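Undergrad: Listed below, chain by chain, are the residues.
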Amino acid sequence: MDRNNSRRQLAAMKQSLFDQGHLDEQFIQLEELQDDANPNFVEEIVTLYYRDSSRLISSLEQTLERNPLDFNKLDTIMHQFKGSSSSIGAKKVKAESTLIREYCRTGNAEGCRKSFQQMKKEYVALRKRLENYFQLARQAGPMDRASRPK
Amino acid sequence: MVHNRSILSHNIDNGCFPSPHLDAFPAGLRVLVVDDDPTWLRILEKMLKKCFYQVTTCCLAIEALKKLREKKDAYDIVISDVNMPDMDGFKLLEHVGLEMDLPVIMMSVDGETSRVMKGVQHGACDYLLKPIRMKELRNIWQHVLRKRIHEAREFETLEGIHLMRNGSNHTDDSNMFAVGGEMNLMKKRKDLDNKHDDDKEFGDQTSLKKARVIWSVDLHQKFVKAVNRIGFDKVGPKKILDLMNVPWLTRENVASHLQKYRLYLSRLQKENDQKSSTGLSFLNSLNKQQNDGAIDEFRYSDGTLKLHMDTTSHEVDLNGIVTRPTIEKIRASTCDITDPKIRKSSQIGRNQPFESAESEANHTVFEYSTVSTQCSWNEVPKRPLKEEQNTQKHFQIDQSQSMNSNPSDYKSVYISPVNLMVSEVDTFSSQSKSLIANDQSPDIIFASNLSSKDPGYNLSCISDMEIYQRNLILDSHAASTPLDEDLHLFLLQGEYYNMNFGMQNIEMSEYYDPRLIAEVPTNLYDSADYS
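So the protein sequences, as listed, match chains A and B. When we follow full-length UniProt numbering, the leftmost residue of the first sequence carries the number 1, and every step to the right adds one. When we follow full-length UniProt numbering, the leftmost residue of the second sequence carries the number 1, and every step to the right adds one.
Treat the hints loosely; a few may be bogus.
Claimed, not checked - Output of the computed footprint for chain A on chain B, the stretches with three or more beta carbons under 8 Å from beta carbons of chain A:
hint, region
1, 41-49
2, 101-111
3, 229-243
Said to hold, decoys possible - If you want the footprint, here are the derived chain A segments under chain B, 3+ residues with CB under 8 Å:
hint, region
4, 24-30
5, 37-46
6, 63-69
7, 77-86
Said to hold, decoys possible - Computed from the model, here is a short list of chain A residues facing chain B with C-beta under 7 Å:
hint, residue
8, L33
9, Y50
10, D52
Rather than coming from a laboratory, the hints here were simulated on the basis of the structure. This one's a predicted model, so the numbers in the text were calculated from it and none came from an experiment. Backbone N, C-alpha and C define an ideal beta-carbon position, used for all residues, glycine too.
Pulled out of the complex, with its shape left as it was, chain B reads as follows:
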């Protein structure tokens, strides 16, 4: 457990909270308190300090905004009184939500339902009544954590789906999911805004309205396309907006989405940097996590996407709670292949269909990623993958048992510079984890699970990836093989991939096919992971 804790705090410290913190989350949480009452300000400051939080106080809303704008990443959470002389607390709340996307807690001596309601509607993640007790403040970190998880999920899912869809011909923009409908996980964190799901009308978002654009998969897909086309470094809201060509979308919408996207990517990157620098052995953390309950499960049934996270995971790694467990579990499959228990734990929470353990392809995909230079595990029964990769254009995995959908093809795979790649990969691994479709859903995404967890690993993974890259450039006839389903490695950064997953059933089953697992020699994993 101790080990877990230090991993946790490492990740928290470096991955999620950019500035140096005490080693034990939630200590060091950076709180901005805004209250025009000097007495309360002082009391709150003292209380928060007792919680070992880092406190900054402000007695004016304007001052608070200024502080927030000056250093975007300097605070984790804002606590503000509702009644302030210079600005309505709700207005401040809106600003913070839109510009900085931080969790905001409202406070007031007035606990009237209507006020509380207003707070919630404006996006407050909590509403505290004065006098405020210590115990209430001790737990405010949960809002930060929740937000990070949600964000990570949101983006990963968006990314994942966007990748899924890229191959499909479902370009109809009518796939703007209504909030109440399928993509409920696409909701903004301010869920009550969902009642404004006729978001197309909010073109003139120059005023800070409560309602916000719902970034559906398609929309996000367009967004990412545009970003990638422009080039991540040169990107700007105006350019993106122009490329996206969505008439009702405003520059502000794009700007705020871009900001979130950037924050999200940078968090991933930081986490990855930190991970590689600390040289955390994947396996070690894996082993600890094997029996976690935390699973990302992404059900795609009847067009409804639901992302479930079993929050019994103890690894409350802010950044990684989505990524790490999934990565770990993927590794679980590759590393402890003969241990059914491990497989089992990674299966927890998944749809039953996945139990059917017919995922050679999946398995091998992951194996590719996890095992560095030795691709000898292409001794996987059905296909000698390594050879295959050198001889064939695409990376095919035999899925005869389970997959009976159309082969997928994709146009290109790009490998970005290491860091970014790694970060994207992490995204992907979690996506792959999370985007498990059940019988009804055809879409699958697999990500190469490049681990950045230890440096050596990184390099070997990269070199592998380069090899793969060469071999993974497909033409559109990738599906020429008699495979029922092709699974492909791909990475996010740089380009997106046209994955044409057939719409038939893909029993996106188990990654951890026991047969497959059993047949892969164990020694393969040793060198890769135990560095």
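Isolated chain A (complex conformation):
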């Protein structure tokens, strides 16, 4: 019973993540890759992402602190960051990254900084939500297969 509850909760969590635009199709792709050989594949990937991207975040913060702003450098790191974020389907994070890159292109330092703050907020919030999600997933037990949110 408890398990069913957990599963329902899990599904709801996921649904809302999708509805609110935090995650995209890539997340489902990851779930589809999950199998007996890698039963916690999605969690593994998300963990990897957050670990690796944290150093990018630091690097971005450092770059943004400089004056004048090195747009090229910023753009380069953002490109990396965007690529990384696409790996887990972090939709909003990705969108913000694109925005920052655009500001880089136009040399809008203010825009870059503001956007970065937005992006970081989203990045952190998503991490929290996914942590909760995986915690619940472990409780709920192995899922039969990846389920697409409606």
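Go by the hints and put chain B onto chain A.
TA: Below, chain B alone, put in the same frame as chain A:
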């Protein structure tokens, strides 16, 4: 179909992919993934494994190159991200293309046209956008296959033409075909490099430029001459370069061409080894393939060489897709002689002139090769070939109907050690298949279609070949007979042959002259092929 499949995978496994693989291509494809993003690296690894590919991961370009250089033949395809900290992905792409000649797929989160363009220009065979989907990865094997086919074709055509030309007096180096022009099939696989077809200026190729030397027929001919002169075992780029005496060519050019040539030959050899060891009956595979659409067709009209391959062939035998169908079809003619349908299928895609079925000579040539010890099919109407071969210096075939070109003569025929011979022969059979000239073209090549498909066959073929060899040493007056056209057996390895095909029309017509076919006793083929 099942039989086909196992043939296919046999060939794929042993002929084309040197290391052991799962039996079902494309499973077991050996992929090297290069990406500095650890998350993507892990995801790609998982995805590729799901496709049953063999995956090796690298997070640095330098590391990737190291791995590639360590074991040249260890990978089938490389997938690399465009942006990497230690080396530009495009640079890596160039290196891989030049040194290892493997297909490379680029990846990026950035799908900007200019980037994609750059990828293509540097030789990427595909450019994938992140996030990458499973379905995109499932099909990457096509690039490996395509490359093999292309390579096989390239070399066979080069070889074939080089042989054709050896007899002719067209030694003018101005026959460096411009890319856009005649020898478009001579293009390197990175087709966009063709815009640099003033390749003579790229003498200083020490830097990895995009542009590459186009190995035209003449150039390749010189190359092979040099290789053969030096001796295949002792060959080296410097020696070859010196012998070739082409001022604008660099050692690097030769080195990379040599590498490809070696790979190509070794693939052929492996395929042949495998074939003889598995004892695949030629006929069996033949029968399956009779109605394949796959034909190699080599049109030589107006000086334009185009190699066409009807890719409807289901026998996606990497090595053999060029050779096998052709060999099979040649056999079709010899074995199922009375079956017009078979003939027909082998005619598919050929130029219409070939339909005119006047190819006794051709036919007999093949018959020689396919039928082992019994040369009794020299009961071929026009000439008792076996006797002829013993009495005459060269091997002539009456082509009165169709051929009205100058007789060809060739200087020597060599027979190399079995394996190599066989592999070359395979090349040749496909060439002969592919080098069918239409009315306008005078050049023909026939290869003895020695089959290595089953061991017994091999031996008998060899002994035959030895006989032929003795008889095929020609002087330059080979054309003394009143034949309109002489067709000769020859093999590639060891020496090349001076084939002086006249420039007139050779209706390189049908190998499968119905009249001829009908007259050859069927029993001849039985023993040869059904071992």
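Undergrad: For every hint, state whether the structure bears it out.
TA: Hint check results:
For the region 41-49 of chain B, the proposed coverage by chain A is satisfied: 4 residues have a C-beta within less than 8 Å of a C-beta in that chain, meeting the threshold of three. Coverage of the region 101-111 of chain B by chain A holds [criterion: at least 3 residues with CB-CB distance below 8 Å; count 3]. Remark: the region 229-243 of chain B is not confirmed as covered by chain A, as 0 of its residues place a Cβ nearer than 8 Å to a Cβ of that chain, below the required three. Here the region 24-30 of chain A counts 4 residues with a CB under 8 Å from a CB of chain B, which clears the bar of 3, and the coverage holds.
A count of 4 residues in the region 37-46 of chain A with a Cβ less than 8 Å from any Cβ of chain B is obtained; the coverage claim is therefore met, three being the minimum. By the rule of at least three residues with a Cβ nearer than 8 Å to a Cβ of chain B, the coverage given for the region 63-69 of chain A is violated, with 0 such residues. For the region 77-86 of chain A, the assignment as covered by chain B holds, since 6 residues bring a beta-carbon within under 8 Å of that chain's beta-carbons and 3 suffice. With a least beta-carbon distance of about 5 Å to chain B, the hint placing A/L33 at the interface is held under the 7 Å criterion.
Nearest Cβ of chain B to the Cβ of A/Y50: about 9 Å, over the 7 Å cut. The hint is violated. About 5 Å separates the beta-carbon of A/D52 from the nearest beta-carbon of chain B, less than 7 Å, and the hint is met.
Against the hints set out earlier in the document, violations occur for numbers 3, 6, 9.
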